[in-house]
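Enquirer: Work out the full structure: start from the sequences and follow the hints.
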Amino acid sequence: MKSSLRFLLSVGRSQLNVPRYYTHTTEEKLIYDKLSKALCPKNLNVADISGGCGSMFAINVTSDRFKGLTMVKQHKLVNEILKDDIQRWHGLQLKTKSV
Numbered sequence: 011m012k013s014s015l016r017f018l019l020s021v022g023r024s025q026l027n028v029p030r031y032y033t034h035t036t037e038e039k040l041i042y043d044k045l046s047k048a049l050c051p052k053n054l055n056v057a058d059i060s061g062g063c064g065s066m067f068a069i070n071v072t073s074d075r076f077k078g079l080t081m082v083k084q085h086k087l088v089n090e091i092l093k094d095d096i097q098r099w100h101g102l103q104l105k106t107k108s109v
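Residue numbering for the sequence shown follows the working numbering, starting at 11 and increasing by one per position.
Keep in mind that the hints were calculated from the coordinates and are not lab data. From the three backbone atoms N, C-alpha and C, an ideal C-beta is built for every residue, glycine too.
Computed Cβ-Cβ distance ranges for the label pairs, DEER-style: (1) Lys83 x Gln103: 13 to 23 Å; (2) Thr33 x Gly78: 33 to 43 Å; (3) Thr80 x Thr36: 27 to 37 Å; (4) Arg98 x Asn70: 14 to 24 Å; (5) Thr33 x Thr80: 31 to 41 Å; (6) Lys47 x Lys77: 11 to 21 Å.
Quick list of in silico lysine-lysine cross-link-like pairs, DSBU-like style, CA-CA up to 30 Å: (7) Lys83 x Lys105; (8) Lys93 x Lys83; (9) Lys93 x Lys77; (10) Lys39 x Lys93; (11) Lys47 x Lys93; (12) Lys105 x Lys39; (13) Lys93 x Lys105; (14) Lys107 x Lys52; (15) Lys107 x Lys77; (16) Lys107 x Lys93; (17) Lys44 x Lys83; (18) Lys77 x Lys47; (19) Lys86 x Lys39; (20) Lys39 x Lys52; (21) Lys44 x Lys86; (22) Lys105 x Lys44; (23) Lys83 x Lys107; (24) Lys44 x Lys93; (25) Lys93 x Lys52; (26) Lys47 x Lys107; (27) Lys47 x Lys105; (28) Lys107 x Lys39; (29) Lys83 x Lys39; (30) Lys77 x Lys44; (31) Lys52 x Lys83; (32) Lys105 x Lys77; (33) Lys52 x Lys105; (34) Lys86 x Lys52; (35) Lys107 x Lys86.
Expert: This is the structure:
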């Protein structure tokens, strides 16, 4: 039992692939707030998928603002909103959907 507990304490949460449902990083909150203000989304999920270092994010957003826009134009709109932040990132996984 002690060795199992020691193992769990010695490896990080990301190494065990344990999800982080209970808290958001500062960067996730910043992204969420910017997109909420600009898009008034029906659904918005922002997740730091870089292991917590803030260099890669997965964003899933559904908004009326996307109505009549192609997927490329939807993505361009999100990229424009986050352009100052994106410069610091390694990557972005983006899914957009119109209501």
